[in-house]
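> The primary structure of each chain is shown beneath.
Number of protein chains: 2
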Amino acid sequence: MDIGLLQELKSVVAPEQVSTSAQDLKFFASDQGPITAYCEPDVVVWAESVADVQAVVRLAAIHDIPIVARGAGTGVSGGAHATPGSLVLVLDRMNAILELNAQDEIARVEPGVINADLNDAAAVHGLMYAPDPASYKTSTIGGNIATNAGGLRCAKYGVTRDAVLALDVVLADGTLIHTGHRTFKGVAGYDLTALFVGSEGTLGIVVGATVRLKYLPVDIRTLAVFFPDVRSAAAGVLALGKARVQPCILEMIDGASLEELDSHHGTDLATRGNALLLAQFDGLAASQESDIAAAALSDLGGVVSREDPAEAERLVDLRRHNRGLDLDSDITVGEDVALPRSQLVHYVAALEDMALRHGVGVRIIAHAGDGNLHPTFWVPEAEPAKIAALNAALDESIEKALELGGTITGEHGIGQYKLRWLPLEQSEKVRHIQQNIKDLFDPQGILNPGKAIVMAL
Amino acid sequence: MDIGLLQELKSVVAPEQVSTSAQDLKFFASDQGPITAYCEPDVVVWAESVADVQAVVRLAAIHDIPIVARGAGTGVSGGAHATPGSLVLVLDRMNAILELNAQDEIARVEPGVINADLNDAAAVHGLMYAPDPASYKTSTIGGNIATNAGGLRCAKYGVTRDAVLALDVVLADGTLIHTGHRTFKGVAGYDLTALFVGSEGTLGIVVGATVRLKYLPVDIRTLAVFFPDVRSAAAGVLALGKARVQPCILEMIDGASLEELDSHHGTDLATRGNALLLAQFDGLAASQESDIAAAALSDLGGVVSREDPAEAERLVDLRRHNRGLDLDSDITVGEDVALPRSQLVHYVAALEDMALRHGVGVRIIAHAGDGNLHPTFWVPEAEPAKIAALNAALDESIEKALELGGTITGEHGIGQYKLRWLPLEQSEKVRHIQQNIKDLFDPQGILNPGKAIVMAL
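Chains as they are written, first to last, in UniProt numbering: chain L, 1 to 457; chain U, 1 to 457.
Think of the hints as simulated: they come from the structure by calculation, not from any bench. Treat each hint with caution, since some may be false.
Each computed DSSO-like pair below joins lysine-lysine, with the alpha-carbon atoms no more than 27 Å apart [unchecked claim]:
hint, chain 1, residue 1, chain 2, residue 2
1, L, Lys26, L, Lys137
2, L, Lys156, U, Lys156
3, U, Lys137, U, Lys214
4, U, Lys26, U, Lys10
5, L, Lys386, L, Lys400
6, U, Lys386, U, Lys400
7, U, Lys214, L, Lys242
8, L, Lys214, L, Lys242
9, L, Lys214, L, Lys137
10, L, Lys214, U, Lys242
11, U, Lys137, L, Lys214
12, U, Lys214, U, Lys242
13, U, Lys156, U, Lys214
14, L, Lys214, L, Lys156
15, U, Lys26, U, Lys137
16, U, Lys242, L, Lys156
17, U, Lys156, U, Lys137
18, L, Lys156, U, Lys214
19, U, Lys156, L, Lys214
20, U, Lys400, U, Lys242
21, L, Lys386, L, Lys242
22, U, Lys156, L, Lys242
23, U, Lys429, U, Lys400
24, L, Lys400, L, Lys429
If we strip away everything but chain L, and leave its shape as in the complex, we get:
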């Protein structure tokens, strides 16, 4: 990159916060999403304060340099992939919990705070930060906000947007603004907080957040319910709804995924059934809810096993880490559609059918409680014909999800990888509005360009 600009960067932050080393440029070229156009950034900058972010943004604005803000890089849609000529702004050093107020049940954090660290700090007060993406041990609150991350517990507790009360945001001109309120409720003016949540760093850079905490449950009960096939498991999801019990976690794992887990962890899950519903209940009624659920799922032919806390934790952890095993590559791509729950059974059947027809493999795991499926399609090798089949299956899976009233992304975000499907879900008029909002916040187009939204024609 231009030497003069590099010097300027090193002068607005400290020299050791700036790197152009080959190793760093490679490391910060991508997040965990599929790579469609590999590209290394021109420079990597670690911000250590709000003032750092403001200074870097101002400099980038002057020199018209695209900024890719990034937390831990655990995103799976390529939202933090570097783009041509970009500056990757790493926020993981801004990792202070500025306040944890147990009476107000809120925390104020810097964007680089690790989700699990916030939970550890909250647990001391009998509180928790509910949104728990599978990456919660490594992902940052800032990254969770950028993608409006979901997770397992959002079946009961809601997604990131539901937990965020207020934001500090550095805009494209370097201005710092504050949105939202420290209170649980507040309706003054337009909801800019919700607009920034999930905007993937394209409207501003989140440098602080006030989040709402929830009560750490006093009791947790977990059921592992094995079914002969994934369609019966999907029917179990509706049966729980009909029984009017609210799991905090309701995961569905198909036979192929169970085998995958067994092969990595030495477990024998696949011998117990061809599909698993993992249902967790929490709170004072956990035991009652779990009994009701066990009865409803037994009636459907499920083999119910009540798991002790250690085994329950192990199973939930296995499920969380499943994504880690399933890192996307040329030949393995995970999806993230969400569906109305009544359509789960039909969609699972359709997925199995389309995998067969396209001659690709499919494994299905799902946050079934909110109809959010993560099917993974794969082919054995990167031959052009097989890649074409993989892509055809992916495209068909997206179209089918939309046909059944679903969305192309439940919790991972559009990033870079899912841009090609966004026009299938959103009308040209809606895309035009989104583009206008982008232009309003970032007239130069320097904030993570080419992500999250697709320009209307």
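Please arrange chain U on chain L, whose structure you already have, making use of the hints.
Same frame as chain L, now just chain U:
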């Protein structure tokens, strides 16, 4: 109004959907908010379909006529007050529940559906629509969305924004767009749904909504806990938080409000204590939670009475109707601040002090569970000096709420009445962004101009 335009209006909808009668112009001049500049509209139009709304908006755009969209007119911030030269567009005839899907736990409704009617329809399936503003028996879902209405149950279940999954919106040029998703989760593009919720008809006109339903609780337990003073009751709110129980309803009513209720309903609440905490717990753990709460509040000196369902319903109904008694006028103005819960005690003390100093009366009721207070200030007559004292007390109450980390409006919206306080809460930069968003959606400024946001200087 111009005869030609009136003829045009009557041709794009049916003639009987248009009125310029003195009676109608008067009736639709205002909602239930304080009136600062009484103004009748030029014409009232009742829409009966999405096409009606589109046609009226297109015509208004051509003739540059401001449109005030309106549901039942139960808002209390003047968001539906008519403005000079305006057309009031009444949506209460669009009152069909288009779909109620118990498996998907959602409903699709037209904007004019009454909140209570949706709840009645959902109850048949063991479901409920959770947001329950005090006006729920008469207010419409469209109006609830326009103000992001709260209510009693949002202590546990969240506000309107949390219940809205998708919207159909007619934009300022008459285009119909669809935002959001039928699914519980979805992160495709910017969150336009949240942007429209609470925007008070200034960005578009909501003509349809997909909302999430919750499970109707199987058990409900209610405690009426009387305290010697409102400060002890406010301390009780924190005690419940510390006991980690989650009431679905937690209302605080001070002595003056109890007397007001008694005088209208022939009850004897004020003889039982000088402040009441009304705590309701629901779900399978209701009984346990209620026992824990009773113990915690007794320890604080509260006199706990466990109410049978009929008496509980009566008390909650009294609380809901309190607002009906307290209609704003020149001499009585209700507030709607929200505070971090730890500040409730301090704020209540400050309110009592400022009422004394300004020589005005104050009554306090609060959705205490989420720190949302509705103090009502009043003076005995409309003398200029007394009105000035009333306004001074109001201004001071707002400033104090902000000083304690609060917001000027928890659930009623800015409307027209609270515009004067918005710059105290939002920076010029934030107001500028809001104005730009307004200009983006409504470049002509025909959608409810002069409401919800304050232009930056």
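> Quickly compare the C-alpha distance for Lys26/L and Lys137/L to 27 Å and report which way the hint goes.
23 Å, holds
> Below or equal to 27 Å on CA atoms is what counts here, so check Lys214/L against Lys137/L.
At roughly 19 Å apart (the allowed maximum being 27 Å), Lys137/L and Lys214/L satisfy the hint.
> Need the status of pair Lys156/L, Lys214/U: alpha-carbon distance at most 27 Å?
11 Å, holds
> Within a Cα-Cα threshold of 27 Å, do Lys214/L and Lys242/U meet the stated pairing?
At roughly 12 Å apart (the allowed maximum being 27 Å), Lys242/U and Lys214/L satisfy the hint.
> Lys214/L and Lys242/L: Cα distance at most 27 Å?
26 Å, holds
> Has the given pair, Lys156/U with Lys214/U, been kept, meaning a C-alpha gap of at most 27 Å?
11 Å, holds
> Taking 27 Å as the top limit, are the C-alpha atoms of Lys400/U and Lys242/U close enough?
This hinted pair holds, its Cα atoms lying about 25 Å apart.
> Taken at face value, is the distance from the CA of Lys242/L to the CA of Lys156/U at most 27 Å?
21 Å, holds
> Taken at face value, is the distance from the CA of Lys400/U to the CA of Lys429/U at most 27 Å?
Given that 27 Å is the threshold and the Cα spacing comes to 23 Å, the pair holds.
> Is it true that the CA of Lys26/U sits at most 27 Å from the CA of Lys10/U?
20 Å, holds
> Keeping to a limit of 27 Å between CA atoms, is the pair of Lys214/U and Lys242/L held or broken?
12 Å, holds
> Within a Cα-Cα threshold of 27 Å, do Lys386/L and Lys400/L meet the stated pairing?
21 Å, holds
Checked against the numbered hints given earlier, this structure breaks hints 11 and 21; the rest are met.
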